[in-house]
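Participant: Heads up: the sequence lines are chains A and B, in that order.
Numbers 1 to 268, taken from my numbering, label the letters of the first sequence in order.
Numbers 269 to 516, taken from my numbering, label the letters of the second sequence in order.
FYI, nobody ran anything at the bench for these hints, they're computed from the structure.
Every value quoted in this text rests on a predicted model; they were computed, and no experiment measured them.
Beta carbons are placed, not taken as given, at the ideal position from N, Cα and C, and that holds for glycine.
Here are the computed lysine-lysine pairs in the DSSO-like style, where the Cα-Cα straight-line distance is at most 30 Å:
(1) Lys-156(A) to Lys-222(A)
(2) Lys-354(B) to Lys-287(B)
(3) Lys-19(A) to Lys-354(B)
(4) Lys-281(B) to Lys-135(A)
(5) Lys-122(A) to Lys-281(B)
(6) Lys-27(A) to Lys-354(B)
(7) Lys-181(A) to Lys-122(A)
Looking from chain B toward chain A, a few residues come up when the C-beta cut is under 7 Å (computed):
(8) Met-269
(9) Arg-282
(10) Gly-351
(11) Lys-354
(12) Glu-355
(13) Val-358
(14) Ala-359
(15) Pro-360
(16) Val-361
Examples of chain A residues toward chain B, derived with CB under 7 Å:
(17) Lys-78
(18) Phe-84
(19) Ile-104
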Amino acid sequence: MTEPIIQAEEVVKTYGEIKAVDGISFKVQPGEIFAFLGPNGAGKSTTISMLTTMLRPTSGKLIMNGYDVTKEPASARKSFGIVFQDPAVEEELTAYENMELHGILYGVGNKGLRKRIEELLKLVDLWERKDSMVKTYSGGMRRRLEIARGLLHHPKILFLDEPTLGLDTQTRNLLWDYVKKLSKGEGMTIFFTTHYLDEAEEVAERIAIIDHGKIVASGTSKELTKQTGTKTLEEAYLELTGRTVRDETSKSNDGLNVRRAARMGRLR
Amino acid sequence: MDVMQILWLRQMKRYVRSKSRVFGAIGQPLLFLLALGYGLGSVYKRAGQGDYLQFLVPGIIVQTLLFSGVFWGIQILFDKRFGFLKEMLVAPVSRLRILMGNALGGATISLFQAILVFTISFILGFRPVDWSMLPLAFLIMIVLSLILTSFGAGIASMVEDFQGFQAINNFLIFPLFFLSSALYPLTNAPELLRWLASINPISYAVDALRYTLINQSHFGITKDLVVLTISLIAAIIFAVNRFNRLQV
Chain A
1 MTEPIIQAEE VVKTYGEIKA VDGISFKVQP GEIFAFLGPN GAGKSTTISM
51 LTTMLRPTSG KLIMNGYDVT KEPASARKSF GIVFQDPAVE EELTAYENME
101 LHGILYGVGN KGLRKRIEEL LKLVDLWERK DSMVKTYSGG MRRRLEIARG
151 LLHHPKILFL DEPTLGLDTQ TRNLLWDYVK KLSKGEGMTI FFTTHYLDEA
201 EEVAERIAII DHGKIVASGT SKELTKQTGT KTLEEAYLEL TGRTVRDETS
251 KSNDGLNVRR AARMGRLR
Chain B
269 MDVMQILWLR QMKRYVRSKS RVFGAIGQPL LFLLALGYGL GSVYKRAGQG
319 DYLQFLVPGI IVQTLLFSGV FWGIQILFDK RFGFLKEMLV APVSRLRILM
369 GNALGGATIS LFQAILVFTI SFILGFRPVD WSMLPLAFLI MIVLSLILTS
419 FGAGIASMVE DFQGFQAINN FLIFPLFFLS SALYPLTNAP ELLRWLASIN
469 PISYAVDALR YTLINQSHFG ITKDLVVLTI SLIAAIIFAV NRFNRLQV
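Could you build the full structure based on these sequences and the hints that come with them?
Facilitator: See the structure below:
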């Protein structure tokens, strides 16, 4: 077996009393498409924030592309690209300027940059609107721009945090086809979260299901259905995480909000 | 293009594209110049202190730098709120360079506003005593804009939301301005005011500008420049320290 490109060992993140991530361990192999599933507030975004150096884990170890994420964040950052769950584009700049800024931040050489931007903006069908200010874009267009931007610097690992949220079927198919191509053709490792289980079933080679900060099951889609004695991934998922709807309290459990709540508590 | 250049350029583009910001930021200092400069001018003259407009202009230039510099910090808050800060912070670039690229952009903008106000004050009748001192005056303005944008960036990295920033504005920026020597001479001011002004770095900035532009000084230019240099170092350390701790 080859060296895993992402490795988490007993990673914990606590905010005061609340354990957002409670001792998770997993491995992702190079070139693999890995889905990270779980209900709202399960700890998905917190895990991605820790992997992408935005949050420090309370304890545990994260290795990415051979670098210890907490000790060598700068080297780890060179290894990945990310499409955030919440929009992170600069609205007062045009699509082209957003791409250009990103390219320079990530040290994409000037020579290839223009061509690469054109190629990607054409892929997501935004080339015609490249000189429009992003604030004039619709939600779906912004999403497409962010996806194009995440791919700009040819990362080894691409994190997609609910990338298809709010996208139409056409764009969704386009995205997954391209992602599969990147994984197959260039050996890019894909780590994504989604609430659409059909996507995960179709695209992901391996899946981990997280709930209440713990990984409750992992394996291929087939293994998961077999393990739970169900027919589809959706049934397996519901079997593992329960059928109760997560209410607002557990929704506010996701990463940022927990931290804010903890901080507010401290202030008072 | 370099990382710092492109971040600087982004600030410039944002500024140029929102015209309301240009006018919004110089409106207040102009109001002060007109209302106080002309309104109080005659009283000031009768008190035997000379031309109030001449006295006021250095103070108003500092005011412009103070408000636009610290307010620029709100940009970091915006970036935090609207997600763009994340995009910058996960990039494989040191935070120092990200902070510097952005802060230099902010400093350029506030310097530009100050020069705009300075130019308008000429139209209103202001004349420097010694033209050869102008380069030194500009140097002081540059240093001050760097101090204040760093200060604003540090504060913005600490507060969570816009309300918090508003509180800072009321409890820090206004006192810094009104309790400095920007609006009135300290020489005959009550003891308490004089003491407050003497522990306020803004007073030294005003004093330094007043020395270069109208050849009046309360503390002496050497002391002014020493205080400004120390303030610059302290503000940069503060900004870097706070920005490095920022979590998104």
